[in-house]
Amino acid sequence: MKLRYLVACTAAAQTLTIGAAFAQTPLTMWYHGAGNEVESAIINQIVADFNASQSDWSVSLESFPQGAYNDSVVAAALAGNLPDILDVDGPVMPNWAWAGYMQPLPLDEAVIADFLPGTKGYWDGQLYSIGLWDAAVALVTRQSTLDTLGLRTPTLAEPWSGEEFMAALDAAKAAGNWDYAFDPGMAWTGEWYPYAFSPFLQSFGGDIVDRSTYQSADGVLNGDAAMAFGEWWQSLFTGGFAPGTSQDPAARDNGFIEGRYAFSWNGNWAALNALNAFDDTLFLPAPDFGNGPKIGAASWQFGVSGTSQHPEGAAAFIEFALQDEYLAAFSNGIGLIPATASAAAMTENYAEGGAMAVFFALSEAQALVRPVTPGYVVQAKVFEKALADIANGADVADTLDAAVDEIDADIARNSGYGH
Amino acid sequence: MAVISPDNHGLRLAVRYAVLVLIAIIFVFPLVFMVMSSLKPDQQLLADTSSLRAFLPVGDVSLNNYSKAFQRAPIGLFVFNSVLVTGLTVLLCLLVCSMAGFAFVYLNWRGRDLFLSVILATLIVPFETIAIPLLLLVSKLPWIGWEGVTIGWLNSYRVQIIPWIADALTIFLFVQYFKGLPRELIEAARVEGATWFQIYWRVVMPLSGPVLATAAILKFLVMYNQYLWPLIVVQQEQYRPVMVGLQYFFQLNIAWGEVMAYLTMITVPVLAFYLALQRAFIASIASTGVKG
Numbered sequence: 001m002k003l004r005y006l007v008a009c010t011a012a013a014q015t016l017t018i019g020a021a022f023a024q025t026p027l028t029m030w031y032h033g034a035g036n037e038v039e040s041a042i043i044n045q046i047v048a049d050f051n052a053s054q055s056d057w058s059v060s061l062e063s064f065p066q067g068a069y070n071d072s073v074v075a076a077a078l079a080g081n082l083p084d085i086l087d088v089d090g091p092v093m094p095n096w097a098w099a100g101y102m103q104p105l106p107l108d109e110a111v112i113a114d115f116l117p118g119t120k121g122y123w124d125g126q127l128y129s130i131g132l133w134d135a136a137v138a139l140v141t142r143q144s145t146l147d148t149l150g151l152r153t154p155t156l157a158e159p160w161s162g163e164e165f166m167a168a169l170d171a172a173k174a175a176g177n178w179d180y181a182f183d184p185g186m187a188w189t190g191e192w193y194p195y196a197f198s199p200f201l202q203s204f205g206g207d208i209v210d211r212s213t214y215q216s217a218d219g220v221l222n223g224d225a226a227m228a229f230g231e232w233w234q235s236l237f238t239g240g241f242a243p244g245t246s247q248d249p250a251a252r253d254n255g256f257i258e259g260r261y262a263f264s265w266n267g268n269w270a271a272l273n274a275l276n277a278f279d280d281t282l283f284l285p286a287p288d289f290g291n292g293p294k295i296g297a298a299s300w301q302f303g304v305s306g307t308s309q310h311p312e313g314a315a316a317f318i319e320f321a322l323q324d325e326y327l328a329a330f331s332n333g334i335g336l337i338p339a340t341a342s343a344a345a346m347t348e349n350y351a352e353g354g355a356m357a358v359f360f361a362l363s364e365a366q367a368l369v370r371p372v373t374p375g376y377v378v379q380a381k382v383f384e385k386a387l388a389d390i391a392n393g394a395d396v397a398d399t400l401d402a403a404v405d406e407i408d409a410d411i412a413r414n415s416g417y418g419h
Numbered sequence: 420m421a422v423i424s425p426d427n428h429g430l431r432l433a434v435r436y437a438v439l440v441l442i443a444i445i446f447v448f449p450l451v452f453m454v455m456s457s458l459k460p461d462q463q464l465l466a467d468t469s470s471l472r473a474f475l476p477v478g479d480v481s482l483n484n485y486s487k488a489f490q491r492a493p494i495g496l497f498v499f500n501s502v503l504v505t506g507l508t509v510l511l512c513l514l515v516c517s518m519a520g521f522a523f524v525y526l527n528w529r530g531r532d533l534f535l536s537v538i539l540a541t542l543i544v545p546f547e548t549i550a551i552p553l554l555l556l557v558s559k560l561p562w563i564g565w566e567g568v569t570i571g572w573l574n575s576y577r578v579q580i581i582p583w584i585a586d587a588l589t590i591f592l593f594v595q596y597f598k599g600l601p602r603e604l605i606e607a608a609r610v611e612g613a614t615w616f617q618i619y620w621r622v623v624m625p626l627s628g629p630v631l632a633t634a635a636i637l638k639f640l641v642m643y644n645q646y647l648w649p650l651i652v653v654q655q656e657q658y659r660p661v662m663v664g665l666q667y668f669f670q671l672n673i674a675w676g677e678v679m680a681y682l683t684m685i686t687v688p689v690l691a692f693y694l695a696l697q698r699a700f701i702a703s704i705a706s707t708g709v710k711g
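Chains as they are written, first to last, in the working numbering: chain F, 1 to 419; chain A, 420 to 711.
Careful: at least some of the hints might be erroneous.
Unchecked claim - Among chain F residues calculated to face chain A with C-beta under 10 Å, some are:
1. P26
2. N36
3. F50
4. F64
5. A75
6. A76
7. A79
8. P83
9. T245
10. P249
Just so you know, these hints were derived from the structure itself, not from any lab. For every residue, glycine included, the Cβ atom is placed at its ideal position computed from N, Cα and C.
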C-alpha cells in the first residue's frame, strides 16, 4: 500500500514537473561570444540558471562569432527573423533602436541605479539596453619609465595636462630608450579609432557631432578646438612620437611588453599581459587637453528585439543576468570591468587594491559614451578615415571639413535620424 | 655576355626550369607558411615572420594549435556542412548547367540566342547587389518537408544550395565546349533514332570529362569559399560552413597559431578535390583556353 502511494505521489510530482516545463514560454537569444570558450561557458550557465529558476520562460541561446554578429542581426531583421533577446554593442544600439530592430527594455530603473554610466544604453529618453560590464582605456607605462624621465605620477584627481603629456613624450623621445615614445594603437583599425581617439578630441573641446542637436558636425569636428586637436594629432606622427598607420599589428599587441614604447594607450583587456610582463606597470588616467580628461565608454549590452512578442520575458532574463555573481564571473573570466561596485568587490582584479581596480575608477570618473545617435555607425567610419588621413599627413582643416560634409550629408539623407 | 642560341638546349631548359621553380615557390610559400605557422606558438610565429624561419619547422613545434582549435570551434561540423553543401551544389550545377548548355547548342528554339545573351549578361552583376533581394525572397518561400508546409528557407542546407545551382559561368563553359564537339556524332545519333536526352546522356556527357572537371573545380571553389550568403541566411551553428567558422578565431587577442591550424585543416578538402581532378582540369584549360 505504501509502495502504491509512493508511486502515485512520484507520478503526480513528475506530471507537475513536466507540466511546468511545458508551460515555459520559449524565448530565443543571440549572443556574440562564439569562439570564446570562457565567455560561452558563462553565458550558457546564466541561461541554464535562469531556465531552472522559474517556470514562465525558457531561453535558448544561439551564439555567433563577433565578427559576423552585426551583419547577421541586420540580415535577420530584414528577413523578419530576429530573436527575443539580443546583445548589442553600446554605440550601435541607437541605430538598431531607430531602425526598429530593438524595443525599449521594460526594466525597473532601480535595478540598475548602481551601474556604471557607460553600461546603460538610452535612446530617445528610454532605456534600450544594459551591459554587464564596461571597458576602459588608460595610458600604460612603468614606474621605472617615469623615474628615468623624472616625471610626476598623474592621478585621477590631478591628471597630466596636455603640456605635461607632450613634455613626457619629448623626454621619452630624447632618452632614446624606445622605438617610439607613444603607441596610440594605429594598427587596430575600425571601432578602436573613435572609441580610443575621439576622447582626445572631446578633451580638446570638440566632438564627432554636435550632441545638442545631433543634426550636424559643423563647428565641433572642424571648429577651433577640433583644429587644435587635429594639429596635435598630426604632430604625434610628424614629430616621430608615435608609429603611424602602417604599424605592424604584432607590434601593437606586443610592442609595450617588448619595451619598444614608453607609453601605450590601451584597454583593460590588455592589462593583464602588461602586469605579467612588468611588476611596476602603471595605468595612468587620460591627459587633460583643456576640457577635462576623457575616455570612451559602453561595451556589449543586452536588449529586447523589436519583433519580440514577449518583452517582459526578455526583461526577466536580462534582470536575472544582472546579478553581481554573473557580473563578477564575466570580469574574472574575460577581464572586463564589472558594471557595479559591489560586483567589482567580488572580483580578483577590480576589488579595492586589485591590480586593475584603477580601471573601474577611470570608468566612473572619465568615461564619456560615444555620440548617442543612429548616425554614429556612419560617423565612426568617417572619423576613422579622417584621423588616418591626418596621421598620414593630410591637411588638417581640409580633412576635417570634408569629414563634416560627409557626416552632415548622411544626417540629411536620413532625415535627421529621428532626433 | 652569354647568348642563348636555339642549339643551346640545356641552358634553355635550365632557365625554363629556374623560372618555373621561382613561380612554384611564389605559389607554394604561402601554403608552407600557413602549415609551418600552425605548428608554432604565437610568440614564435610572430617573431619568425621576419626571417626564413617562418617557412621551416624549427623551434617549439607541436600540434597544440590544432587541439586548441578543436576546442574553440566545432570544426568537424563546419567541414561537414561545407563539404555537403558544396558537393550537392556542384553535382546539381553540373547536371542543370550541362543540360542548359546542351539546349543552347543543339536544340533549335525561338529566342535561344537572346536567352543565352541575357544569362551571360548576369555575369557582370556582382552577387552583393542581389544578396538582399535574394534574402527577402528565400525568407518567404514555402517548403514541403517532414513538418509539412513551412514558410521560409532560412537556417537550412537548401538555402545554401538551391540559389547556387544555376550558374551563368558554368553554362557558358558547357556551351563553349559543346560547340567544339563534332556535329556528326549528334546527327548520327539522331539518325539512329536516339532521343535528345539519350544524346545528352549517352553521347555528349561521356565526351565532356574535361569541361565537367573544370566546371566542378571552379564551382567547388566558389561554394567552399562562401561567406556572405551563409552569413546572412544561417543563424544556427548547426548549418554554418567553414568560412563563417573562421570568425570564431578572431577574438580580441587573435590566436594566430590556431587561425593557421584551422586554415590548414579547411584547405585539405580543396587540395584533395583539385588533385583528384587535376589532369582533366589541365586538359580542359589547354583545349578551351578558359582560365579560372
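Against the structure, the hints:
1. For P26 of chain F, the interface hint is violated, the least distance from its beta-carbon to any beta-carbon of chain A being 15 Å, above 10 Å.
2. Taking 10 Å as the C-beta contact cut-off toward chain A, the hint placing N36 of chain F at the interface holds, the least distance being around 6 Å.
3. Taking 10 Å as the C-beta contact cut-off toward chain A, the hint placing F50 of chain F at the interface is violated, the least distance being around 20 Å.
4. The interface hint given for F64 of chain F is met, as the beta carbon of that residue sits about 7 Å from the closest beta carbon of chain A, less than 10 Å.
5. Residue-level restraint check for A75 of chain F holds (minimum Cβ-Cβ distance to chain A is 3 Å; threshold 10 Å).
6. For A76 of chain F, the interface hint holds, the least distance from its beta-carbon to any beta-carbon of chain A being 6 Å, beneath 10 Å.
7. For the restraint placing A79 of chain F at the interface with chain A, the shortest Cβ-Cβ distance is roughly 4 Å, inside the 10 Å limit, so the hint holds.
8. Against a cut-off of 10 Å between C-beta atoms, the interface hint on P83 of chain F holds, since the closest Cβ of chain A lies about 8 Å away.
9. Restraint check, T245 of chain F versus chain A: the minimum CB separation of about 19 Å is more than 10 Å; hint violated.
10. Taking 10 Å as the C-beta contact cut-off toward chain A, the hint placing P249 of chain F at the interface holds, the least distance being around 8 Å.
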